Amino acid sequence: SVTPQCVFWDPSKGQAGGWRSSGCVTQPGDKRTVCSCDHLTFFTLLLNQALDGSTAKALMAVATAGCGVAMAFSIFTMAFCIFIRCRFRFEETIRINLGLHMNLVGSLFLLNLAFLLNSGLSGSTHPSTCRVLGGITHYCLLCCFTWMALEGCQLYLLFVKVLGIYIPHYLGKLCLVGWGLPVLVVGVAGGIGSYGEYIIQTTDHQVIAHLCWITSKHLLVHYITNCGYFGLIFLFNMAVFGVVTQKSCSLQGTGAVQGYRKPWKVALVAAGLFCLLGATWALAFLTYGISSTPVLYLFTILNSLQGHVCLPFPAGIFIFIWLVILYYPKTKETTGSLSYIIRHDKNTTASQ
Numbered sequence: 001s002v003t004p005q006c007v008f009w010d011p012s013k014g015q016a017g018g019w020r021s022s023g024c025v026t027q028p029g030d031k032r033t034v035c036s037c038d039h040l041t042f043f044t045l046l047l048n049q050a051l052d053g054s055t056a057k058a059l060m061a062v063a064t065a066g067c068g069v070a071m072a073f074s075i076f077t078m079a080f081c082i083f084i085r086c087r088f089r090f091e092e093t094i095r096i097n098l099g100l101h102m103n104l105v106g107s108l109f110l111l112n113l114a115f116l117l118n119s120g121l122s123g124s125t126h127p128s129t130c131r132v133l134g135g136i137t138h139y140c141l142l143c144c145f146t147w148m149a150l151e152g153c154q155l156y157l158l159f160v161k162v163l164g165i166y167i168p169h170y171l172g173k174l175c176l177v178g179w180g181l182p183v184l185v186v187g188v189a190g191g192i193g194s195y196g197e198y199i200i201q202t203t204d205h206q207v208i209a210h211l212c213w214i215t216s217k218h219l220l221v222h223y224i225t226n227c228g229y230f231g232l233i234f235l236f237n238m239a240v241f242g243v244v245t246q247k248s249c250s251l252q253g254t255g256a257v258q259g260y261r262k263p264w265k266v267a268l269v270a271a272g273l274f275c276l277l278g279a280t281w282a283l284a285f286l287t288y289g290i291s292s293t294p295v296l297y298l299f300t301i302l303n304s305l306q307g308h309v310c311l312p313f314p315a316g317i318f319i320f321i322w323l324v325i326l327y328y329p330k331t332k333e334t335t336g337s338l339s340y341i342i343r344h345d346k347n348t349t350a351s352q
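For the sequence shown, position 290 matches number 290 in the UniProt record's numbering, and the numbering has no gaps at all.
Quick caveat, the hints were computed from the structure, so don't treat them as lab data. Quick caveat, the model's predicted, so the values are computed rather than measured. Every residue, glycine too, gets a C-beta built ideally from N, C-alpha and C. Any given hint could turn out to be false.
[Stated by the list, open to error] No farther apart than 25 Å at their CA atoms in a straight line, the calculated lysine-lysine pairs in the DSS-like style are these: (1) Lys161 x Lys217; (2) Lys13 x Lys31; (3) Lys13 x Lys217.
[To be verified] Have a look at the derived ranges for each label pair, beta carbon to beta carbon: (4) Leu117 x Ile224: 18 to 28 Å; (5) Gly190 x Phe285: 23 to 33 Å; (6) Met238 x Leu298: 10 to 20 Å; (7) Gln246 x Ser12: 29 to 39 Å; (8) Cys249 x Pro127: 50 to 60 Å; (9) Cys86 x Tyr170: 39 to 49 Å; (10) Lys13 x Ile82: 31 to 41 Å; (11) Leu181 x Ser12: 36 to 46 Å; (12) Ala65 x Pro127: 24 to 34 Å; (13) Trp179 x Arg32: 26 to 36 Å; (14) Gly190 x Leu121: 12 to 22 Å.
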């Protein structure tokens with residue numbers, strides 16, 4: 001839903017001016033809205049998107065419960081990855097893939113933990129503590145985005161480059177990028193004072209929650225570092241996903257994997273990659289307009305909601321199940337559909 005608000009243009013606001021509502025009274029009606037201002041200026045009617053109280057409370061309840069479940073399954077997933085890396089002998093490519101998955105799930109665990117601490121402490125913390133907590137939450141979110149991008153880069157190297165991709169200390173260098181790059185972004189954002197208290201309100205201006213996040217005065221930081229950054233990663237990852245799907249389908253068509261993998265496992269591999277590459281997070285771009293409420297419910301069910309950011313809930317459960325089915329060896333010859341496709345693609349490329 002949207003909330004009408006009468007505003008006027010104030011050229012003294014900021015460097016380029018902006019809209020203000022002081023001195024204006026908004027009288028909404030069924031068929032029209034009346035604006036009454038006590039000064040002669042350029043004024044207009046803004047339609048601000050906001051949630052009604054019941055919807056917002058339901059979304060916050062699902063988000064909080066989802067964070068707890070997601071943290072539990074994140075622990076299960078990391079423990080499973082450590083177990084199979086130590087228990088079974090995999091080729092180096094599979095060990096790197098498991099290391100990537102474990103770091104991604106670790107970043108998701110930290111993001112869920114940061115949100116729970118944020119929602120529980122932000123209403124009564126000191127402003128300086130709130131700024132630190134907001135920076136930590138933003139850092140965890142950017143780590144998730146970065147590790148999704150690294151998952152896409154790894155798939156690109158495996159399926160497009162295929163040969164000649166040996167890099168010394170490869171996983172260590174990925175960790176340096178995945179955990180180090182967000183530090184630079186958060187450092188710059190914190191340096192310009194972007195973090196502080198962020199208030200989530202309903203259509204009737206009732207406060208739902210206080211969060212330590214990027215303040216309303218620095219929304220440009222949010223649009224660049226979160227929306228813009230994820231948008232670029234999403235486009236790249238979806239392009240890589242298309243290449244992977246095309247390669248897998250071509251191998252299926254040539255009969256290379258017939259009799260070795262059932263169709264449902266091939267579909268499971270595709271669905272798992274789709275989830276790892278952050279496809280469900282793209283629903284955030286659809287939470288505007290007339291369909292915002294249904295999309296928000298879908299977005300919350302699939303990911304859980306934290307104001308403007310999302311946290312994996314069913315996605316975390318699915319990743320855990322996907323890793324168990326894909327990587328846990330059933331026989332000595334079987335190590336997963338993805339590894340077989342990669343090995344066959346390498347052999348095909350080498351023969352050419």
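These are the hints, each one checked on the structure:
1. Lys161 x Lys217: 44 Å, violated
2. Lys13 x Lys31: Judged against 25 Å, a Cα distance of about 32 Å means the pair is violated.
3. Lys13 x Lys217: 12 Å, holds
4. Leu117 x Ile224: 18 to 28 Å: 25 Å, holds
5. Gly190 x Phe285: 23 to 33 Å: At 26 Å between Cβs, range holds.
6. Met238 x Leu298: 10 to 20 Å: Roughly 19 Å apart at Cβ, these two residues keep to the hinted range, so it holds.
7. Gln246 x Ser12: 29 to 39 Å: 56 Å, violated
8. Cys249 x Pro127: 50 to 60 Å: For Cys249 and Pro127 the Cβ distance comes to about 55 Å; the hint holds.
9. Cys86 x Tyr170: 39 to 49 Å: 19 Å, violated
10. Lys13 x Ile82: 31 to 41 Å: 54 Å, violated
11. Leu181 x Ser12: 36 to 46 Å: 38 Å, holds
12. Ala65 x Pro127: 24 to 34 Å: 29 Å, holds
13. Trp179 x Arg32: 26 to 36 Å: With a Cβ separation near 54 Å, Trp179 and Arg32 fall outside 26 to 36 Å, so the hint is violated.
14. Gly190 x Leu121: 12 to 22 Å: 18 Å, holds
The structure is inconsistent with the numbered hints 1, 2, 7, 9, 10 and 13, although it conforms to all the rest.
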